[in-house]
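Chemist: Build out the structure end to end from the sequences listed, making use of the hints.
Keeping their order, the protein sequence lines are chains R and A. Here the first sequence stands for residues 1 to 442, numbered as in full-length UniProt numbering. Here the second sequence stands for residues 1 to 442, numbered as in full-length UniProt numbering.
Simulated from the structure, these hints should not be mistaken for lab results. Keep in mind the model is a prediction, meaning the values are calculated, not measured. Check before you lean on any hint, since a few could be wrong.
Not the full set, but computed from the structure, chain R residues with beta-carbon under 8 Å of chain A [said to hold, decoys possible]:
1. 99
2. 308
3. 351
Just so it is clear, CB atoms sit at the ideal spot from N, CA and C, and this is done for glycine as well.
Letter by letter, the chains look like this.
Number of protein chains: 2
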Amino acid sequence: MEPFRLTASQAQAKFKDGSLTVEQYAQSLLDRVAARDSTVNAWAYLNPELVLERARELDAIPPEKRSPLHGVAIGVKDVILTKDMPTQYNSPIYVDDAPKIDAASIQTLRANGALIFGKTTTTEFAATVVGPSHKGPKTTNAHNSKRTPGGSSSGSGAAVGDLQVPIGLGTQTVGSTIRPGSFNGIYAMKPTWNSISREGQKLYSLILDTLGLYARSVEDLKLLLDAFQLVDDEPEEPFTLKGAKLALLTLPTPEWPEPGPGTAAALKKGTELLRAHGAEVEEITLPDEFRSMYKYHLQVLSGDGRVAFLADYYGAKDKMHGSLIDHVENKDKHTRQDQLKAFDELAAMRPKIDAFASKYSAIVAPSVLDEAPVGLENTGSAAFCGPWTAMHTPVVNIPGFKGENGLPIGLSVVAGRYRDQYLLRVCTEIGKVFEGEGGWSR
Amino acid sequence: MEPFRLTASQAQAKFKDGSLTVEQYAQSLLDRVAARDSTVNAWAYLNPELVLERARELDAIPPEKRSPLHGVAIGVKDVILTKDMPTQYNSPIYVDDAPKIDAASIQTLRANGALIFGKTTTTEFAATVVGPSHKGPKTTNAHNSKRTPGGSSSGSGAAVGDLQVPIGLGTQTVGSTIRPGSFNGIYAMKPTWNSISREGQKLYSLILDTLGLYARSVEDLKLLLDAFQLVDDEPEEPFTLKGAKLALLTLPTPEWPEPGPGTAAALKKGTELLRAHGAEVEEITLPDEFRSMYKYHLQVLSGDGRVAFLADYYGAKDKMHGSLIDHVENKDKHTRQDQLKAFDELAAMRPKIDAFASKYSAIVAPSVLDEAPVGLENTGSAAFCGPWTAMHTPVVNIPGFKGENGLPIGLSVVAGRYRDQYLLRVCTEIGKVFEGEGGWSR
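Modeler: In C-alpha cells:
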C-alpha cells in the first residue's frame, strides 16, 4: 500500500518497526498532493521543502526519545497561527501575513512530535458560507470535483478525505467541522468546548468556537485527544453495542429542517444496523424547552461577530465580506438584551442536555441535510451541527453511508460534556458497523 | 502645567488648538518616565525612538483627517500582542519574543489614532500573585515605592498613577485591573465581558478574562469605550445623584473577607457624601443564592488554567511558576463534573445579578481590602473584585479616599451587563464627589 493511504496510527507502526521513515512518508503525501492538487485545491500554503526538512529532523530523533505524535502529519486550517507558515484567513487583508507565532494547539502538537504539514483552505475568517466568486476557497469535494467539500474547514475536510494528509485541524462555530466531515467521508470530531486551548485561533465567538479534528480512524482521534490531555472523569471501561441504549434524534425540534433522502436513508439503515448488533435504539425528539436553541445560537453569533470583526472593519472594511460588515454594523438591530437573553438561555440549556444525554449510551443524530450539494458557491446547511456547538457537547461524525449520487453521508454521535474519551470508545464500535455495513466506501 | 500631567482628553484639546504637538507631549511623557523609572519600574519594554517616530507620524496627519484617539498615549500590559514591540508575559519562555502581530484591541486603538507607547509589567502570564523573588515584576506603587502596585496589571496601574502615561491597558480574570486601580489612585474599568475583543491577549480563562482600562478621568474612559463601539441599549440620558437610589454592598456574602479599616472608612465616608449630595443609599447584602460565587470562580479558573497553560507546560515546564504547573497537573484533583457545575452555576447567577442590579441606579462596593500593603512580594487580595468578573458586569474603580498611611483607596461602582456607557455617566457624578471630597489627592 502506498504510504499516503495509511492512517496516522498505521504510519506510526511502520515508523516504529523501521519499515518507513517520516521523510518517505512525507514524500508520499507530497506526491499525492502533487497528483491531486489541481483538482481538489485543499491547500492555502504548502512548502514541500519545509515539510521534508521537518521530516528529516523527526527521523533524526533516536527511537527512545520520540514523542506520542512522532511523524503524524497534520493539515492546519488557515485560521490557526503557525510560526513557520503564513496565516491568511482567506482574507485579502492578510495575504502573505506571517507572524512568528504558534497557536497553543500547534505548540502542543509540535511538542508531541507532529509534522505540521501545511495550511488548508477556509472560508473568509471561517465565518462565511460562500464560494470562489466571493473569495471562498476553490476547494472541491474529495470524491467529486463538481461538489462542495463543505465549509468553513473546506481544505482540511477535503485533504483528509482525499488521502493527502491523515489528520486535519478545523474549527467549528456552527457546523464548520462536522459538515465537511460528512461531505468528505471522514471522521470529524468537535470536542467539548474549551477542552483544547483556542488561543491563536481566529476569533468569531468566544462561547461557540471550538477546535475541530479530522481523521480517517477513531484510533487517530484518540492519539490527538491524548496529546491534548483530554481526560474524562470516568474510568476507561470497554463499550459494547450489545445492550447499549441509544437515542436516535431524527429531528431535534420542529425548528430544524427535514433531512433529505440520503440522510433519512442513513438514519434508517444506521438504526437497523445498530439493532442488528444488539443495541436498543429509541427514537426521540428533544423536549420543547430546547425549541429556541438555534434562534439563540444565531443571536449569539451576531452579537459576538459584532465584537470579533471590529478591528478588521476599522482597518479594511472594503476588503471584508458583506455579512461580516453587517455583524459589525449590527444591521439586524439586535439589542444587547436580546444578546444576553440568548447567551443566558443557551447556558441554562447545557446542563439539561447533559442530563438528557446521560439517560442514553449516546445520541445518534444527522450530521448534514444530505450528501454534498452540487456546486462550490455554497458550503451547505449547518443546521444539524449547531445544537452540539451551542451545547458544548462532544460530537463525532462517523462515515459509512451514501446518498443517491454515491457521495458519502455520515451520522453524528454525541455524549454529554467532558465524556470525549468515552464517546471515542462508543464511536469505535459504531464506526466498525457503519463503515463495514453502511454501504459507502472510499 | 507640564504636558505629562494632562489627561488624554486634556492633551487632545491642546493638539486641537495647536498649543501642543503629539511629539512634544510624547517627549514630556518620556522625560517623566526617565525621571521615575528607576523607582517605579513600570515598563517591560519602552523604546523612546519608536515612540517619537510614531508621534511625528501622527503630527503629520492633517487636522481634518485625525481620528478620535489622535495622540492618545497608551501603555499596554505585556500580555497583549503588539506587532512593533516584544510581548514577554514576564515569562522566561518568552524573553525578547516579538511576533509581528497586533491584538484586536491594539488594531482598533491604532486605527483610531492612538500612540501605542510601550509595554507595561505584569505578573507571569497575568496569572500569579507573586513578587520579584518569584519572577514577579519589580514595579512599585505609584505613591510609595515600599508598597505593591497590585497585580497582575502592575505596570499599567503604576504608570498611569505616576503620570507616565494617561491611559493603560490591563486585563482582569479575578481582580487584576480593579485592584491596581485602587492601589494607585486611578480610574480603572472592567467593561462587560466580551464587549471588547480579547483576541491576541494571553488566555487564562475564556469565560473570565476581560480587557481592562486605566485612566485618570471618566472622560478618558469614555474615549476608549467609544473607539471600541460599546453602545448600550438605552439612550444617553443625563444622570444626577439627586434622587438616585444606590445600593451599598459592604460584604457581598459571608464567604468574603472583612474590609480593612481604610476601606471600611471609605465606604462610610462615601455613603455620607452620596447622601449629602441627594442620593438614597441602601445598605444591602447579596441573597444567599450567590453564596458560592467565589468558590465557583476559583473552580472555573482551575479547570481553565489546566487547558490554557498546557502548551507552555509541554514546551518549558521548568520555566513556569508552580501554581501554573499545578493547574495543568490538576493538583487539586478537581473533576470535570465539579468544573461543569461551577461553570453552569455562575452562568445561572448572571441574569439574576442583572435583575438585582436593575433595582438600583448602581451598586457601590469595596474595590480592595485596604490601601496597598507594604512589600512587593504579594500583589494583594482580589476577593472584592472577583464577583464582577464572574458576573460579567461592568465595574469602575473610582479613586478619592485614603487609608491610614495616606495611600489611595477607591470604591467600585457596578451596573448590569452592557450598561457600560450608563455606568460611566454614573461615575462622572460620583467621581466628582469622591475625588473632590473623599480626602485623597495626588
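Chemist: Evaluate each hint against the coordinates.
Modeler: Here is how each hint holds up against the structure:
1. 99: Since the shortest Cβ distance to chain A is 4 Å, the answer is holds.
2. 308: holds, 6 Å
3. 351: Status holds, d = 5 Å.
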